[in-house]
Amino acid sequence: MIRKVRSHIVQEEPLVFELSSAGKRGFQLPGLDVPAADAAAELGAENVRGPIEGFPEVSEVEALRHFTRLSTWNYAIDLGMYPLGSCTMKYNPRAHEEAARVEGLAWAHPYQPEELAQGCLEIMARLEEALAEITGMDAVSLQPAAGAHGELTGILLVRALLAARGNPRRKILIPDSAHGTNPATAAVAGYAVENIRSNDRGMIDLEAFPRLVTEEVAALMLTNPNTLGVFEVNIARIAEILHEKGALLYMDGANMNALVGVTRPGDAGVDVLHLNLHKTFSTPHGGGGPGSGPVAVKRELEPFLPKPRLKQEGGRWRLDYDRPQSIGRVRAFYGNFGVLVRALAYILACGAEGLRQATVDAVLNSNYVRKALEPYYELPHREPSMHECVFSDQRQARRGVRTMDIAKRLIDYGFHPYTVSFPLIVPGALMIEPTESESRRELDLFIEAMISIAREAEENPELVRTAPHSTRTSRVDEVSAARKPVLRWRPGP
Amino acid sequence: MRYLPKSDADRRAMLEAIGLESLEGLFSRIPPQLRLGEPLRLGPGLSEYEVLEYFREQGRRNPAFPSFLGAGAYRHYRPALVDVVASRGEFLTAYTPYQAEISQGILTAIFEFQTMICQLTGMEAANASMYDGSTAMTEAALMAMRITGRERIVVSSGVHPEYREVLGTYARNQAMQVIEAPYDPDSGATDAACAAALLDGRTAALILQSPNFFGVLEPWQAAAEAAHAAGALLIHVFTEAVSLGLLAPPEQADIVAGELQSFAIPPSFGGPYAGVIATREKYVRQLPGRLVGQTTDRAGRRAFCLTLSTREQHIRRERATSNICTNQALVALMATVFMTVYGKQGLRELAEQNLAKAHYLAGKLPRRFAGRFFNEFVARAEGASPEQINQALLEKKIIGGLPLGRFYPELADCMLLCATEMSGRAELDAVAEAFARAAGGRA
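If you're matching them up, the sequences are chains A and B in order. Reminder that position 70 of the first sequence reads as 180 in this note's numbering, one-by-one numbering, no gaps. Reminder that position 238 of the second sequence reads as 300 in this note's numbering, one-by-one numbering, no gaps.
A hint or two may mislead.
No more than 25 Å apart at the CA atoms, straight line, and that leaves these computed lysine-lysine pairs for PhoX-like [to be verified]:
id	chain 1	residue 1	chain 2	residue 2
1	A	Lys594	B	Lys344
2	B	Lys458	B	Lys426
3	A	Lys417	A	Lys355
4	A	Lys114	A	Lys481
5	A	Lys408	A	Lys421
6	B	Lys426	A	Lys114
7	A	Lys355	A	Lys408
8	A	Lys481	B	Lys458
9	A	Lys281	A	Lys408
Calculated from the structure, these hints are not laboratory results.
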């Protein structure tokens with residue numbers, strides 16, 4: 111029985127290019143208060159373009175309806191639970207949007223004089239301080255634009271420190287359970303990647319690990335809790351082993367939502383980590399960005415952080431460019447400031463107690479779902495779960511129903527799918543992260559849907575294999591899309 | 063906590079269902095010595111009113127005066143529709159559209175975005191956006207290295223200095239050699255002969271920005287010929303997207319990398335913005351970042367999905383074209399709304415207004431470079447330093463231009479000024495007057 115949704119009329123809409131007709135416009139410019147310039151004379155006739163072929167020509171009302179209609183084809187956090195494991199899709203409070211649109215913040219130019227940017231600099235300083243406190247680290251850079259960018263920055267910091275000690279070393283160790291960005295990042299930073307196998311409990315094998323840490327190893331990139339949602343209990347010992355050999359411990363902070371206010375990576379010996387403000391600190395995902403990926407480090411790595419750095423002098427904030435050991439810039443300007451505003455707003459709204467309670471509720475929700483679904487889905491690793499739990503499709507696969515099919519059938523029940531087929535160490539994985547934003551009612555509806563789908567997989571597997579059945583668009587042909595890519599609209603014949 | 067949808071009774075009932083006595087029990091796996099013994103030093107949670115008051119207070123410390131700053135972040139009017147669309151929860155609070163059946167809204171909008179970028183740049187394919195212009199340019203350089211199998215990048219010193227710094231950061235950790243081509247001190251454009259002489263059989267790409275950091279148009283047609291003669295690619299960079307409304311598209315470039323902030327993205331102290339890379343169809347499989355492609359659903363209806371993901375990190379891991387995961391979808395959406403609202407005629411008129419304002423102002427100031435320019439130019443301060451002229455303007459509640467000494471010591475007596483459709487005639491005249499007063503010894 112599907113209780114969360116029922117069908118409803120959806121508006122159709124062509125592409126904006128197909129809506130266009132010559133001469134329509136959606137905007138009027140103010141009158142020109144200076145003499146017009148002759149483009150051909152000022153720019154050279156050869157440098158002036160003709161009309162932009164195919165560019166939109168629609169009125170304002172058509173533009174508004176166009177994008178409003180498109181929006182109704184999306185699922186979103188505002189409509190309900192988004193149990194995407196490792197993605198931390200939590201509620202995005204709208205007051206934080208308003209904060210980012212405060213005139214003096216939204217219209218601040220990155221090069222306006224520092225005395226006219228004290229508010230922006232203060233916000234950044236306060237956020238750096240809060241993130242250092244939350245992670246137990248000594249210094250934070252807000253410059254990286256997203257998680258993978260933060261990872262790259264972190265690994266460049268590792269390289270810079272080790273190079274300053276005399277040898278940047280050659281390789282980075284990465285567990286086979288890690289996110290794909292970890293090995294890709296290590297490669298972009300010029301390191302060789304050595305994948306290390308998890309033990310049968312999905313953890314780092316403490317027996318084998320010391321032998322892997324040779325003088326060639328620059329760092330281990332560890333996700334904690336790992337992608338099975340399990341806390342790496344030996345993290346402090348792992349840090350010691352690395353440090354004894356002069357290597358560093360990098361922590362991927364993607365799963366920080368399980369730790370805030372409960373335990374701090376810095377206290378466990380982590381040397382450098384990145385955070386995803388769009389996960390843990392509630393800034394909206396926006397359909398795939400913008401994110402923000404601050405990097406937090408121990409004192410030893412601070413001289414190498416990207417420049418400029420914030421510095422306080424005589425009660426005023428300024429930007430310090432005189433950082434001779436810095437790895438340099440990783441992007442123009444200072445970071446995704448608008449995202450930083452939203453993250454600080456979240457931290458201020460929650461306070462210490464609220465942040466901790468969010469963590470507790472996130473872990474509670476994940477365990478509640480795990481307990482309820484255990485009788486119906488295979489649980490390949492039985493260690494206690496933190497903020498997410500990972501099942502496999504082993505039982506349903508016997509009836510030809512795979513994790514992707516179950517995920518697509520969830521759509522018919524009014525939910526966004528969980529994360530499919532990840533982590534790679536669990537064949538046919540169902541990775542579920544409810545986050546703290548779900549009420550018991552929403553969780554119960556989700557559990558009911560999952561149980562119902564398990565039953566359907568037994569009784570009517572074809573129904574599940576061909577889902578979704580109730581969406582405006584049925585399952586799309588991704589294979590043809592990749593084989594003959596059509597990446598832009600072109601006018602018909 | 064108002065963001066958390068649970069009562070204590072809910073929590074107790076859920077604990078009971080799990081079979082735990084207390085909430086602490088959820089964390090029993092974490093070794094006791096690693097558990098925080100005290101609350102984080104962050105203070106109590108604040109009400110919505112208090113949170114917003116804090117940010118309004120900080121905003122008041124950054125007065126939003128009329129400004130002549132450009133240099134990679136531009137002050138353009140933002141049509142009301144942009145925030146109306148970007149604030150819709152279905153766009154704002156959606157995840158990356160991996161599940162195509164319930165993500166057709168953002169997928170369709172990004173497909174439109176990719177198309178509009180192609181129409182503007184004269185390229186055949188564009189990605190779904192990058193972090194910003196500086197990282198787009200750097201990723202374009204890495205892409206050129208993959209395509210040519212060469213490791214040298216020649217970059218004009220007329221490219222935004224911070225973009226070049228980012229390129230340098232990546233280069234130091236890759237087998238990339240970066241060589242700078244000087245600008246011509248008279249025209250302000252890249253010295254074409256010099257740049258051509260630097261190109262050889264090891265060169266992967268020549269990078270030019272046009273209009274360049276000084277606002278000057280680059281001779282990119284000649285540059286394209288020189289690059290191609292050496293078997294290298296031409297990477298064309300833009301930071302002022304509004305210029306594309308009037309300037310001929312860089313059709314002979316192989317890769318176009320740019321920043322779209324001008325398309326209704328608030329300056330927001332430097333981010334979030336949206337970069338983009340566009341290129342020829344034959345190089346699509348070397349493009350970094352997400353791509354949306356057209357396909358059909360089971361009923362044969364047109365549909366869109368993320369595609370060519372075998373280039374990406376979640377499939378290829380250490381063999382991916384880039385480590386990039388996130389794009390700037392919501393920001394790209396804002397740019398798409400902007401392009402739709404202004405449209406074919408509006409974008410051109412907007413560019414023409416920018417041209418008119420900047421040329422009106424430049425006509426009253428001593429220009430440093432002779433090259434043709436769009437809405438930015440370099441003026442030489444006479445009788446006072448650029449900083450002193452800015453100080454005089456600040457007294458009239460106007461933020462002047464960017465003194466160039468910090469990036470180009472040889473231009474310490476110059477400032478970069480940008481005029482847009484938002485620059486009123488009174489402010490333009492005030493800038494002219496401040497320069498004139500300085501020159502007349504009256505500053």
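Consistency of the hints with the structure:
For the proposed pair Lys594(A) and Lys344(B), the alpha carbon gap of about 12 Å is at most 25 Å, so the pair holds. Taken as a hint, the Lys458(B) and Lys426(B) pair is honoured in the structure, with Cα atoms around 19 Å apart against an allowance of 25 Å. Between the alpha carbons of Lys417(A) and Lys355(A) the distance comes to roughly 29 Å, so the proposed pair goes past 25 Å and is violated. For the proposed pair Lys114(A) and Lys481(A), the alpha carbon gap of about 21 Å is at most 25 Å, so the pair holds.
For the suggested pair Lys408(A) and Lys421(A), the alpha carbons sit about 18 Å apart, so the restraint of at most 25 Å is met. Restraint check for Lys426(B) and Lys114(A): the C-alpha separation of about 66 Å exceeds 25 Å, so the hint is violated. For the suggested pair Lys355(A) and Lys408(A), the alpha carbons sit about 18 Å apart, so the restraint of at most 25 Å is met. Using a Cα cut-off of 25 Å, the hinted pair Lys481(A) and Lys458(B) is violated, with the two alpha carbons roughly 67 Å apart.
The straight-line distance between the Cα atoms of Lys281(A) and Lys408(A) is roughly 21 Å, inside the 25 Å bound, and the hint therefore holds.
Of the hints listed earlier, those the structure fails to meet are numbers 3, 6 and 8, in rising order.
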